[in-house]
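Enquirer: Using the sequences and the hints given, assemble the complete structure.
Top to bottom, those sequences are chains F and V. So for the first sequence, the UniProt record's numbering puts the first residue at 1; every next one is plus one. So for the second sequence, the UniProt record's numbering puts the first residue at 1; every next one is plus one.
FYI, nobody ran anything at the bench for these hints, they're computed from the structure. A virtual CB, placed ideally from N, CA and C, is assigned to each residue, including glycine. Treat the hints loosely; a few may be bogus.
[What the hints assert, rightly or not] Here are the in silico distance ranges between beta carbons for each label pair: (1) V:Ala89 with F:Ala175: 49 to 57 Å; (2) F:Gly338 with V:Pro341: 38 to 46 Å; (3) V:Arg50 with F:Val157: 48 to 56 Å; (4) V:Gly217 with F:Ala89: 53 to 61 Å; (5) F:Ser216 with V:Gln19: 53 to 61 Å.
[Claimed, not checked] Derived, one-sided and incomplete: chain F residues facing chain V with beta-carbon distance under 10 Å: (6) Tyr10; (7) Leu85; (8) Pro90; (9) Leu99; (10) Ser113; (11) His134; (12) Thr254; (13) Ile264; (14) Ser298; (15) His301; (16) Thr303; (17) Cys326.
Protein chains: 2
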Amino acid sequence: MSATSLPTPYLRLDLAKAQASIEAMAARARALGVGLRPHAKTHKSVRLGRLQLEAGAVGLTVATVGEAEVFAAGGCADLFIAYPLWVDAPKARRLAAVLERASVAVGVDSTASLDAMAAHGIRPEVVVEVDSGHHRSGVSPEAAGEIGRYAADAGFVVRGVFTFPGHSYTPQTRASAAADEAIALAVAAESLAGQGIAASVRSGGSTPSAQFAVGSGGGGLTELRPGVYLFGDAQQVELGTCAMEDVALTVVATVVSHAGGRVILDAGSKALGADRAPWASGYGRLAEAPDARIVALSEHHATVEWSGGRLPQLGSRVLVVPNHVCNTVNLADVYVIGDGPEAWPVDARGCNS
Amino acid sequence: MSATSLPTPYLRLDLAKAQASIEAMAARARALGVGLRPHAKTHKSVRLGRLQLEAGAVGLTVATVGEAEVFAAGGCADLFIAYPLWVDAPKARRLAAVLERASVAVGVDSTASLDAMAAHGIRPEVVVEVDSGHHRSGVSPEAAGEIGRYAADAGFVVRGVFTFPGHSYTPQTRASAAADEAIALAVAAESLAGQGIAASVRSGGSTPSAQFAVGSGGGGLTELRPGVYLFGDAQQVELGTCAMEDVALTVVATVVSHAGGRVILDAGSKALGADRAPWASGYGRLAEAPDARIVALSEHHATVEWSGGRLPQLGSRVLVVPNHVCNTVNLADVYVIGDGPEAWPVDARGCNS
Numbered sequence: 001m002s003a004t005s006l007p008t009p010y011l012r013l014d015l016a017k018a019q020a021s022i023e024a025m026a027a028r029a030r031a032l033g034v035g036l037r038p039h040a041k042t043h044k045s046v047r048l049g050r051l052q053l054e055a056g057a058v059g060l061t062v063a064t065v066g067e068a069e070v071f072a073a074g075g076c077a078d079l080f081i082a083y084p085l086w087v088d089a090p091k092a093r094r095l096a097a098v099l100e101r102a103s104v105a106v107g108v109d110s111t112a113s114l115d116a117m118a119a120h121g122i123r124p125e126v127v128v129e130v131d132s133g134h135h136r137s138g139v140s141p142e143a144a145g146e147i148g149r150y151a152a153d154a155g156f157v158v159r160g161v162f163t164f165p166g167h168s169y170t171p172q173t174r175a176s177a178a179a180d181e182a183i184a185l186a187v188a189a190e191s192l193a194g195q196g197i198a199a200s201v202r203s204g205g206s207t208p209s210a211q212f213a214v215g216s217g218g219g220g221l222t223e224l225r226p227g228v229y230l231f232g233d234a235q236q237v238e239l240g241t242c243a244m245e246d247v248a249l250t251v252v253a254t255v256v257s258h259a260g261g262r263v264i265l266d267a268g269s270k271a272l273g274a275d276r277a278p279w280a281s282g283y284g285r286l287a288e289a290p291d292a293r294i295v296a297l298s299e300h301h302a303t304v305e306w307s308g309g310r311l312p313q314l315g316s317r318v319l320v321v322p323n324h325v326c327n328t329v330n331l332a333d334v335y336v337i338g339d340g341p342e343a344w345p346v347d348a349r350g351c352n353s
Numbered sequence: 001m002s003a004t005s006l007p008t009p010y011l012r013l014d015l016a017k018a019q020a021s022i023e024a025m026a027a028r029a030r031a032l033g034v035g036l037r038p039h040a041k042t043h044k045s046v047r048l049g050r051l052q053l054e055a056g057a058v059g060l061t062v063a064t065v066g067e068a069e070v071f072a073a074g075g076c077a078d079l080f081i082a083y084p085l086w087v088d089a090p091k092a093r094r095l096a097a098v099l100e101r102a103s104v105a106v107g108v109d110s111t112a113s114l115d116a117m118a119a120h121g122i123r124p125e126v127v128v129e130v131d132s133g134h135h136r137s138g139v140s141p142e143a144a145g146e147i148g149r150y151a152a153d154a155g156f157v158v159r160g161v162f163t164f165p166g167h168s169y170t171p172q173t174r175a176s177a178a179a180d181e182a183i184a185l186a187v188a189a190e191s192l193a194g195q196g197i198a199a200s201v202r203s204g205g206s207t208p209s210a211q212f213a214v215g216s217g218g219g220g221l222t223e224l225r226p227g228v229y230l231f232g233d234a235q236q237v238e239l240g241t242c243a244m245e246d247v248a249l250t251v252v253a254t255v256v257s258h259a260g261g262r263v264i265l266d267a268g269s270k271a272l273g274a275d276r277a278p279w280a281s282g283y284g285r286l287a288e289a290p291d292a293r294i295v296a297l298s299e300h301h302a303t304v305e306w307s308g309g310r311l312p313q314l315g316s317r318v319l320v321v322p323n324h325v326c327n328t329v330n331l332a333d334v335y336v337i338g339d340g341p342e343a344w345p346v347d348a349r350g351c352n353s
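Expert: Below you can see the structure in the form of structure tokens.
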């Protein structure tokens, strides 16, 4: 329970736990012999990004030009926009401005996106995105060479290939997704090599697959891009990626009602986010009540079925572990450090374009 | 398709459509003989709240003290916090400040919450919350009198009773939820009357149930609190509450990839919200492609299965209709009016405590 009287719901960051997770993933990357490039869309915080860089990260990953602007302005000199960016004239101007203060590589999965960048006179280093089984964006690994050749002919430097093994987000597929990722990146790098282009980077990674990632020694990754690991969340707990006691970020909520013999909290989807994977046990978890389940979520209500024991009293505060922390953070303006009053800004909150 | 070159994703508001829906609901309330008190948590906009008041709304509903602060500062003189508020010392001070500039009634569903307000020296008008079948917060209708008596004895003015018929949010239960609502409010008012307290207000309403609401003439509601109706969203379209062409708020997104023969958009859960009801056909809809379905959603990707015809070309813009517009609005800083450049602030964005 939090001792603070800050208005709930708010984000509470246990910095010691986050630091431990930052160091553990850095050690994992060293053991694998790969560069660690954490995805900063999770935390959107310049200060947390700095902690990752100080622990040995080679740079940061971002999802949007808006995030790149914030992190470049915050002094991060090496960014990768791991996204198949579509650049029109205004976005080209913004990206050009970021390129003046930082090294920025950009994801591509179409020749049209390369044409668009070239048409606007902008040629960042590019990384070809391939689909390793998540079936979102990215070309097939065998087609990486074709995109790479087109890019090189159009005057782009091709850094290598990347994938997001998002199909690691089920309890059964963490290891197999990591295997798919390694194979896809190897095939993609070979496809590039067939066009005379050396893939200096084979970039993959997600928090659930990181434990099973294949390093460059095994012909797999040269770079890892996990995001959620520094905080953890209910999804990661239920996937088995972290223990509940390792979760660094919680939402402090107040018990506002005992209607129906349940616990109603003032943290709803506008504080937690509405994510719920098919395999999730609820809309989030309670850090200090492992058997309780959030069975319903409205914008300002979490309905909790308490399992045994007395209900926490009206007006008391509990720590909610959100399902998917990236969306939770994007809903808040600040992290309260421990019980406060120190607070760190969510610098790139809302910078999603 | 939008002609603007604003960076996507962003909120696009068709003001003429919103105004038509504002007027239609005002007419509905007049026909029912009930006061209309729209829920401003949907739009969080002082200007849109003013349009509702100009169309005849008796006041606005809000969910949090933070929203009450914004709307009171914006000149709205009559607010109802339709939430079982827990008031500690800092919140009591904030609420007292709002009470100096506006009439503010507060929801209650426990004697403890009344004790907490009294302990902090604050006694707003209260409205007893009852559960009409949604099973979230609120006491049973039969218990309203007990709470009301406790409140009156503690020096509170009891305005009446309220409920949220949230079980109206399925395609089959819109009418039955409205019937439940009317019965619950009548029983609750009778329970109050048994304690010698006249319920001058019996407040209910949601957008899906509004069409079926029972007015005061039938012994039902005296006040209606729908929220979503002024914008509409994919949930409302699929519930049958509005037609796709009536939807006033969309998220403008760019086609960034054709991976896998599908359409990948740059509007993900950080722009749309992650809501998906069990009966929803996807993670949102496309305004101008009725057969397309958003089959997967990540933070920055919507994966769209296109049904027949050519895919929209890379770099083109489409209008996404989010599933649940309240969460969508809370993710944005501004509404772009039509194709811009005029933009209205989401004044209470993030004011969720």
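Enquirer: Decide, hint by hint, whether the structure agrees.
Expert: How the hints compare with the structure:
Distance hint check: the CB atoms of Ala89 (chain V) and Ala175 (chain F) are about 51 Å apart, consistent with the given range 49 to 57 Å. For the pair Gly338 (chain F) and Pro341 (chain V), the supplied restraint of 38 to 46 Å holds, since their beta-carbon distance comes to about 43 Å. For Arg50 (chain V) and Val157 (chain F), the hinted distance range of 48 to 56 Å is satisfied, since their beta carbons lie about 54 Å from each other. Judged by the Cβ atoms, the range 53 to 61 Å given for Gly217 (chain V) and Ala89 (chain F) holds: they are separated by roughly 59 Å.
In this structure the hint that Ser216 (chain F) and Gln19 (chain V) lie 53 to 61 Å apart at CB holds, the actual value being about 60 Å. A least Cβ separation of about 7 Å between Tyr10 (chain F) and chain V falls short of the 10 Å threshold, and the interface hint therefore holds. Evaluation of the Leu85 (chain F) hint against chain V yields a held restraint, the C-beta minimum of about 7 Å falling below 10 Å. Using the Cβ-Cβ criterion of 10 Å, the hint placing Pro90 (chain F) at the interface with chain V is satisfied: the shortest such distance is roughly 5 Å.
Given the 10 Å rule on beta carbons, the hint for Leu99 (chain F) is violated: about 17 Å separates it from the nearest Cβ of chain V. With its C-beta approaching chain V no nearer than about 7 Å, Ser113 (chain F) sits inside the 10 Å limit, and its interface hint holds. Hint on His134 (chain F) holds. Least Cβ distance to chain V is approximately 9 Å, under the 10 Å limit. Interface hint at Thr254 (chain F): satisfied, since its Cβ lies 5 Å from the closest Cβ of chain V, which is below the 10 Å cut-off.
Contact between Ile264 (chain F) and chain V, as hinted, is supported at the beta carbon level, the nearest pair being about 5 Å apart and thus within 10 Å. Among the interface hints, the one on Ser298 (chain F) holds; its C-beta lies about 6 Å from the nearest C-beta in chain V, closer than the 10 Å criterion. Checking His301 (chain F) against chain V: minimum C-beta separation of about 5 Å stays under 10 Å; hint holds. Here the hint on Thr303 (chain F) is kept, as its CB sits about 6 Å from the closest CB of chain V, short of 10 Å.
Residue-level restraint check for Cys326 (chain F) holds (minimum Cβ-Cβ distance to chain V is 6 Å; threshold 10 Å).
Consistency note: the structure conflicts with earlier hint 9 alone.
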